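Q: Below, each chain spelled out in residue letters.
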Amino acid sequence: MPAASSSRISRLLADWSQGNEEAREALIPVVYDELRRIARRHLWHERPDHTLQSAALVNEAYLRLVRQDAPQWQDRAHFLAVAAQLMRHILVDHARARLTGKRGGGAPRLSLDAELVPAQKQEFDLVALDDALAKLATLDAQQSRLIELRFFGGLSIEETAVVLGVSPATVKREWATARAWLQREMKKEAGI
Amino acid sequence: MTPEAWQEIKNVLAEALERTPEQRSAYLDQACPEPNKRREVESLLLADKQAQHSFLSGPALGSTEELAVGRRLGIYEIVSRIGAGGMGDVYQARDTKLGRSVAIKVLRLEFDHDPERLSRFQREARLLASLNHPNIATIYGLEQSGDTQYLVMELVPGKTLAERLKTGPLDIAEALAIAQQICAALESAHEQGIVHRDLKPANVEVMPDGRIKVLDFGLAKAFAGEFDADTQRSLAKAAGSEAGTILGTPAYMSPEQVRGKSVDKRADIWAFGCVFYEMLSGRRAFDAESITEVLAAVLTEEPNWSNLPQTTPPAIQRLLRRCLVKEPKQRLRDIGDARIAIEEVQSGAGGAGVPQVAAQSSAEQQGAAQQHKTSWRRAAPWALAAVAILIAAFAVYYLARPKKPGEVIRFSVPAPANTSFRPWGSFLSLSPDGRTLAFVIERAGKTKSGLWVRALDSLAAESLPGVEGAHLPFWSPDSRYIGFFTEDGKLAKVPISGGPPQVLCDVHSGGGGTWNRDGVILFADDDKLYRVPEVGGTPTPVADAAEAGQKSFYFFPQFLPDQRHFLFFLITGTTHRGYGRSFVAAGSVDSTKTERLFESLSQALYAPPGYLLYVTQGTLVAQAFDADRLRSTGQPVPIGTGVGLSRAWNYGLGYFSLSQNGVLAYQTGPSGPISQMTWYDRKGETLGTIAEPAVRLTPALSHDETKIAVPTGEIGGSDIWVYDLKRGAESRLTVNASDNFNPVWSPDGKNVMYSSWRSGHLDIYQQAANGLGNAEPISGSEDPPKALNDVSPDGRYAIYDTAGSTELTELWVLSLVGERKLFPFVQGNGFGAREAQFSPDGRYVAYASHESGKYEIYVQSFPQHLGKWQISTSGGEEPAWRRDGKELFYLTPEDKLMAVEVHTVAGQFQAEIPKPLFQAQLVQGLLWRNRYVVSANGQQFLMLSPVRNSEGNPITVVLNWPVLLEGK
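Protein chains in written order, with our numbering: chain A, 1 to 192; chain B, 1 to 968.
Isolated chain B, as found in the complex (with noise of 0.2 Å):
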């Protein structure tokens, strides 16, 4: 399109835009006759009809156009921001005019297009501004200023009965007052014909003098009338996304409107009953599990009216009884009845009025501490009210067909204020009846981690008093207690409701649990799979993995459906240095046999109606199960792609759980710490930075300092990338998505060695730098793995790390030239070894061990055991020589650089006090070497640097993802 041929189809749009859509085709057929232009500007119309639902609706990005404190809106004057919703903002303003305080609405629709639709929303403002009764918050009026609408309101200061009501029930007094004053509003508003249709204690504004006001009166009305239903679909988006969270509760909501029929007083009068029933009981009357089960109670159950006090009088009993009616006809007729029926109550609960003032005293108490607090703080009531519409059709659908349970939702749980997800996951748990997210948020630095608990019909998460440290969350069959591990090495299990953490048992380090309806927690700790009951007592070995004749390690044990069968993952080899292979494996309560089902990088998780979930290369994949015959059938089909894998254990733990019912949780992520290669002078100053931010492992300089060599990438898929230090440019080496890791330059910086998985083992290779020619192995296919540590300078030995005859590993030096032979340098009994490296002389080895009971540096001469030195002192890992050989550097258990002077006085080995240089900033969670590298004069440091601004994803969960296997 040239611009002159826009201005002429330009003109023309905007001409159709202003006539009504059923006039626009005669005028196209009058403004253009041409088919080629008519159609061009009748697809911009049906792009003009999408981009109002798009997030180009809005002139902000994100949500909200705000207002600037001061500025000016007709005759009001904002004052502060005290609330935001779906449709808008809410500001509390000053009517310059009248000098008094208001509550404005902006409304986020425009109306632009369509006039017609406004003055709908105009007259059903006007109407709902003619209610005038003192318990109720008055609409002023709907005004316009400039493109802005916004709604004028009362400003009603005090809080909503649903604050109120999660300090518990009230007393009968309170309950019977505040009662009396929402059956008045109603009254006075039925009789003008107005229905609130969206009334719950959140809609209720308890006023520091005991009065009470209800809110938003009809405006679940007039908003929801405005809307089409694609309005209605994309409004459910936009809330679910906002909020972070699908939509409000349907509690109050009566079996009509859930059902999706017309709706007329006598739904208020449901919700009412609703309203009062929580007052008196402090529990709602319709509560389940899920949303979907709140609808099919207000439908289906009665209320347990049990909750009710003893004291509660039996008219009102009765009272409550008829407001709870489900069918509409035979339920309370007016609410005036109600009204009558409380206030008989009051008066001969000892005099007209008594109650009353008693009620007026203590919500004055209240009042005092929220004096100035306003009503506005909860999120879009009436873009909810729009969306439990929606919802309500889809729960009467999703009710009607169980085996077909609808649509796929899908919405994000970000983190809770002021904390992040570790950038590469946290773990997470959805309880089993699909209504709590768990997870795991480790706050910064070293501190320990705290447990979370969203409730996904809820706005915000919060955090469990009282529980540090925990690790690997996972709930009771009940979804009411969390199980979990903590970094003091105890089970541990604490009620979601609140209440102290209560410890069950002594664990070494803890794998993942599970528990069954039976009472059986079964854990993983380390080569074994224990329970306990869930009471707590002593841990019986359920299995073992030592029996099994080889080492192994267990994590994410998962009961079946007959509660004592239940799948693992099963990790054989070692779990600290990435030596072994994993799988997915079965085992019984009943037995201490255990049964492989498949290799996996992830564990796999068991969900109704039959299918096992695991991440495989980054995706989430779901694969039919049946539970009974242990056997996993057909092909893997997508369900959510990037899903992290945690490298904690250098083993893909993936991120994501289940719930019984249709739920899914996951969090995507890289599978790993992004890192950016920062150099350092040895006061720690940032010289430069050196190639993109990415997922990075063990990095290596060549001899002319000219090249750095580092592993980039995913688990199970990192390859070497070659960063060329003066062009600034990086290439990959390899190039075959397996693990490759642990590059090391050949002295004329022509070869690089590396270790890598490509053939399903763990073997050293070497490949030209110059990324010409293929990887030539270097060591055989033989056991045991073997993680390449250093090369010595004559190019004579490779030492490389691999696992012992217990978990832990140890050093073995590989002969590179004449007969290639294997020989231990460092073999650990009790004790591990790594990360060796050749001084520069290659008469002495520096590695960090464990003998000591934690990771000290050493020295130790080479090829031959002639001497051994301690170097650091308290504490060290990732020790590195400066080329002249006469200074050591290593690291702290803190991250803080130190060095060391070495000498070698008569053919003896000497080393000074070790000096700290400066507190390094490194990623964390990476167990395989040196994650940083000195230069040759060891006056500058490249580290592997975490990117400190990125956070983790939020957390995703999917309702009903078993659709997404539908014709699959």
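Just chain A, same shape as in the assembly (with noise of 0.2 Å):
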């Protein structure tokens, strides 16, 4: 990346977190690339594990993008934002895509309590989680944010509540609620 783009995204940032949308749509197609290119490499080359840790593939994406010097936390925080959106999207179609991949159309989808491969068990979840969540948002479109930023983009509770412009203790609150009705949500869809 260079230094240009780089500095040029750091600006995007900080324009956003002064309230600027359109900084944000200006971003969203690099960050995208550059989440894509890691999850790519992460998922298929470097770990062959299969295990995904989203926070880590955000944060070497952010790394990557913005120079190191005197990071803004509030940039930080903004780009997380992002990247966890983008990180749903990676991360769900590549599951909905390993699902149809598998013969027989109709793969069971598994029970969050089955014990089975966790790897396997997650690109259900994702599936059942990225359903739940898009239900959740028509209830409360808020919280549906707030699971995505705290799941997709692995942010911090101070994280969240600065891009979600709420206090720590009312993320944490929506956190729990939403986290409730979401198992809820998807268990019952697991046919439990």
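By construction, these hints were calculated from the structure, which means they are not laboratory data.
Note that the coordinates shown come from a computational prediction; the quantities given were computed from them, not determined experimentally.
Note that the Cβ used here is the ideal one computed from N, Cα and C, for glycine as well.
Heads up, some of the hints might be wrong.
[Said to hold, decoys possible] Cut-off 27 Å, straight-line C-alpha distance, at most; resulting in silico cross-link-like pairs (DSS-like, lysine-lysine):
{"no.": "1", "chain 1": "A", "residue 1": "Lys-188", "chain 2": "B", "residue 2": "Lys-490"}
{"no.": "2", "chain 1": "B", "residue 1": "Lys-49", "chain 2": "A", "residue 2": "Lys-172"}
{"no.": "3", "chain 1": "A", "residue 1": "Lys-172", "chain 2": "B", "residue 2": "Lys-37"}
{"no.": "4", "chain 1": "B", "residue 1": "Lys-886", "chain 2": "B", "residue 2": "Lys-896"}
{"no.": "5", "chain 1": "B", "residue 1": "Lys-915", "chain 2": "B", "residue 2": "Lys-868"}
{"no.": "6", "chain 1": "B", "residue 1": "Lys-490", "chain 2": "B", "residue 2": "Lys-854"}
{"no.": "7", "chain 1": "A", "residue 1": "Lys-135", "chain 2": "B", "residue 2": "Lys-49"}
{"no.": "8", "chain 1": "B", "residue 1": "Lys-683", "chain 2": "B", "residue 2": "Lys-726"}
{"no.": "9", "chain 1": "B", "residue 1": "Lys-683", "chain 2": "B", "residue 2": "Lys-886"}
{"no.": "10", "chain 1": "A", "residue 1": "Lys-188", "chain 2": "B", "residue 2": "Lys-37"}
{"no.": "11", "chain 1": "B", "residue 1": "Lys-37", "chain 2": "A", "residue 2": "Lys-135"}
{"no.": "12", "chain 1": "B", "residue 1": "Lys-683", "chain 2": "B", "residue 2": "Lys-915"}
[As the list claims (entries may be wrong)] Pairwise CB distance ranges, derived in the manner of DEER restraints:
{"no.": "13", "chain 1": "A", "residue 1": "Lys-188", "chain 2": "B", "residue 2": "Gly-684", "range": "50 to 56 Å"}
{"no.": "14", "chain 1": "A", "residue 1": "Ala-14", "chain 2": "B", "residue 2": "Gly-684", "range": "42 to 48 Å"}
{"no.": "15", "chain 1": "A", "residue 1": "Asp-131", "chain 2": "B", "residue 2": "Asp-884", "range": "52 to 58 Å"}
{"no.": "16", "chain 1": "A", "residue 1": "Lys-188", "chain 2": "B", "residue 2": "Arg-682", "range": "53 to 59 Å"}
{"no.": "17", "chain 1": "A", "residue 1": "Lys-188", "chain 2": "B", "residue 2": "Ser-935", "range": "47 to 53 Å"}
{"no.": "18", "chain 1": "A", "residue 1": "Lys-188", "chain 2": "B", "residue 2": "Pro-21", "range": "22 to 28 Å"}
{"no.": "19", "chain 1": "A", "residue 1": "Asp-131", "chain 2": "B", "residue 2": "Thr-686", "range": "30 to 36 Å"}
{"no.": "20", "chain 1": "B", "residue 1": "Val-79", "chain 2": "A", "residue 2": "Gln-18", "range": "30 to 36 Å"}
{"no.": "21", "chain 1": "A", "residue 1": "Ala-14", "chain 2": "B", "residue 2": "Asp-209", "range": "48 to 54 Å"}
{"no.": "22", "chain 1": "A", "residue 1": "Gln-18", "chain 2": "B", "residue 2": "Lys-49", "range": "39 to 45 Å"}
{"no.": "23", "chain 1": "A", "residue 1": "Gln-18", "chain 2": "B", "residue 2": "Pro-21", "range": "43 to 49 Å"}
{"no.": "24", "chain 1": "B", "residue 1": "Met-1", "chain 2": "A", "residue 2": "Ser-167", "range": "22 to 28 Å"}
{"no.": "25", "chain 1": "B", "residue 1": "Thr-686", "chain 2": "A", "residue 2": "Lys-188", "range": "43 to 49 Å"}
{"no.": "26", "chain 1": "B", "residue 1": "Glu-8", "chain 2": "A", "residue 2": "Gly-165", "range": "20 to 26 Å"}
Given two chains presented individually in distinct reference frames, assemble the corresponding complex, making use of the accompanying hints.
A: Here it is as structure tokens:
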């Protein structure tokens, strides 16, 4: 990543954290490409164990895209917010592709508690989670966004609070209730 | 639910969650009088409880929330990540206030909902932080920054005793010096009432100056104390999955810990005895073939005292015996007594301090190389400790009830770092003791494959040095050696403890082996089964398929419990093209007579207590089997789904293996390589892709170039699909999920002909391409089987390959018009011919033939044999014509696509020199017909390109699989 782009990204992040939504739009393709590239590598090449650590991945993308000298903390949070959304797409797409790639079409959705290979379980869960999150968004868009930030972006409670413009206490509260709702919803879907 | 209703429920739920479980009921009585609403909240509270142990419990997908370098946690600045563990990651950090380096363990537990649990943990951490001794790594404190809880600990440079012991035993002086310091550390902690509970070599850090520090004091309990049984279970799963293994070794657990009884400082004395024994002997005091056996040994067996060096001072031998007394009440009472005994020996061994100085200097030498390596590079010590407790309970259960081996436990074994399994499966073999998994990793490209072993109680697989090009590994009955076949035609064995492989005899190709307790290795080699002594020698035939009057091939022999009879997989017909049928059969080393047991697409393996396991329709099943009568009984019961079958021989060789004690390993995957149909130009540039990636075989392009017919799917179940290039849509033509393959379009594009196994015999069928109408048999169902290659442009002849009198293929012609008759076109005499393609004018056939000793492309006039011309010069297969008949394409053995201009001058066929077009990327392991088609103008090529990024699934290991059969 040349320095010019890097500072451009830093500027876009700064602009966005000051409320410029266009800056956010401009960030998306850059971040997406980078995430996809890294995710692909992690998924298929350098990490044959299939364990995907989205937070680590997003961090790596951040470090690649943004100059490391004096990163602003707010910038990082906003970057992670974009990344969280994109990670959700990448991971869920990947999981769906793997699901449909399995022959026999109606591959079973596995139960959350089944004693199964977690790597597989996770892929199944991701699709279910994505569906459940979409449902949650119709009930409470902010909660859905919050889960996205925390789960797919790996944002801490403080970072999530910065992005959503609420207090950390609110984030904790919303996280806890949304998580309970999701858990129940996904169990329901898994037919347990 | 409406958004409004959710807001209401959510608020009550949030309030309830902030209360302790005991207070919640009263709160709900007051906050939600309506039963419906209350039920809703209660179900969410229940879900919350589950969510805490589900994958939603952590914010990050996967496992860790990794901290960026440079990030601040309170007064600590992250310097680097130095390890990962089940409970959290470990970082090196700088204490910005005191300017010192520390280790930070970020806890992954969420205490959000349980302040009581948190305060309990805090109390425990404070107690541990009060330990202050030069031989104990200090815990500075438990801190919190935002929602992150982390332990701040002393950063200890050096390497662990476990790493040190990998190179063998210590000399006595060094062992004494280390043991003395361990004693001092334990003594100090015990005086404060703190028990380590997880002392082992990996928890002893040896610093460059020879001093040692004991790590993780009391943390096992601090953590274990936090968990209810549910959490322990999920922890067991988490630790097992993350590390890809089930747990660390319980070899240092005291008998009372194994029994799940309460534990005091005497458990540390036991563990100290184990560690001391290991330092002196280089071996574990309690070591066995499997975890459960280790636990059994801890409970019932004495260490092998003869492993101690002769020079071990008698006082030390006595001390060790006293530490390793199984009954805690009879054990050495105070670790201080051990320290005194050691110090007495040290001073008696030539003056106080002398051995210690020696130990220091040797430690310094190691330290120089390891100067800054920190001690945290090990997986999940605390999680493993907690898991160990769980496993101990499980083991006691297991031991108490040998007939009911407890729970089924599954975990996965990933490919080693920087390697991957073949997408469709890798050959694997479990040791008879269920302790070690051997598997073959094929490196990228066509370089030789490596043999890897993974001890199931270790965290990583190791590649066996000096073993290259290995296939089809199998184990010695004592689980100490692996037999295997090499690419250059040898049967060899290699000790898993290290050491060079030893060649036992020559083989032709090798089809699996088995090794009995009488020292006999039985192996399959093409059409014979041989026996050879385990020390090597001349192989003697045990069974010869030729004697059975039919050409047959053997695979995967396996000795049955009597060590004389064996099972094997028998393919009749030929291995080369999938013409034959396959059976599970049995024989005996005392006789050349063999017996077919049942028809099967995969090999069957026997396992105690009396089952055969085999793959049918992608599912691994177990069926009761009487090994004395050689009869299976009852119904097959599914054990695992999606088990891959090899397409390497076009037969189903299943990727699974069994130990003799209830361990199963298998690999799931598609039965063949996944490919993406991709268009290329003559330079090899990608023009585009069509259809979804899938397991595809032998495509065919319709003459009007609007459709592709391509067999899709797994072995024993491929159907022909028709992809419409204009509409971009795909539809299924055949629907019987038998092997349907090698489609050929009729010249008018209305029909597709293909070969199919649907009747149990390989015949040629024809079907309307629009999917309406039934499949119509074209060939009779008489022998031999027929794998369609092409149809002449006038529609009068079909050319097919078939099993000749040898196992090699021949090309035959079926006349489709008038009287149906069969006649040979290329009949091998010790060579094979295949992949026949009519020239567009129907006057020639291009095909690949092995007559020169390798496959080359030939063109021969048709139907009369007026002339034959060799086209390729250094190997060629899979020929295809340009529509005007003036150019011929083929692939070299390296998959380089070649083009040859051809002419007919005065009735004489002439070919120019072949020119390379490009290096094609094609799926491997398909031996049926062309893996590509050419556009009419010869400008574009549609190829089955491997999906590069697809790699094999991890191997699944199942412990106690026979439990799956209970009640079935």
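Q: Evaluate each hint against the coordinates.
A: Here is what the structure says about each hint:
no. : hint                                : in the structure
1   : A:Lys-188 <-> B:Lys-490             : violated (56 Å)
2   : B:Lys-49 <-> A:Lys-172              : holds (16 Å)
3   : A:Lys-172 <-> B:Lys-37              : holds (23 Å)
4   : B:Lys-886 <-> B:Lys-896             : holds (20 Å)
5   : B:Lys-915 <-> B:Lys-868             : holds (21 Å)
6   : B:Lys-490 <-> B:Lys-854             : holds (22 Å)
7   : A:Lys-135 <-> B:Lys-49              : holds (21 Å)
8   : B:Lys-683 <-> B:Lys-726             : holds (24 Å)
9   : B:Lys-683 <-> B:Lys-886             : holds (19 Å)
10  : A:Lys-188 <-> B:Lys-37              : holds (18 Å)
11  : B:Lys-37 <-> A:Lys-135              : holds (20 Å)
12  : B:Lys-683 <-> B:Lys-915             : holds (12 Å)
13  : A:Lys-188 <-> B:Gly-684: 50 to 56 Å : holds (51 Å)
14  : A:Ala-14 <-> B:Gly-684: 42 to 48 Å  : holds (45 Å)
15  : A:Asp-131 <-> B:Asp-884: 52 to 58 Å : holds (54 Å)
16  : A:Lys-188 <-> B:Arg-682: 53 to 59 Å : holds (56 Å)
17  : A:Lys-188 <-> B:Ser-935: 47 to 53 Å : holds (52 Å)
18  : A:Lys-188 <-> B:Pro-21: 22 to 28 Å  : holds (23 Å)
19  : A:Asp-131 <-> B:Thr-686: 30 to 36 Å : holds (34 Å)
20  : B:Val-79 <-> A:Gln-18: 30 to 36 Å   : holds (32 Å)
21  : A:Ala-14 <-> B:Asp-209: 48 to 54 Å  : holds (50 Å)
22  : A:Gln-18 <-> B:Lys-49: 39 to 45 Å   : holds (42 Å)
23  : A:Gln-18 <-> B:Pro-21: 43 to 49 Å   : holds (44 Å)
24  : B:Met-1 <-> A:Ser-167: 22 to 28 Å   : holds (26 Å)
25  : B:Thr-686 <-> A:Lys-188: 43 to 49 Å : holds (44 Å)
26  : B:Glu-8 <-> A:Gly-165: 20 to 26 Å   : holds (23 Å)
Of the numbered hints stated above, the single one contradicted by the structure is hint 1.
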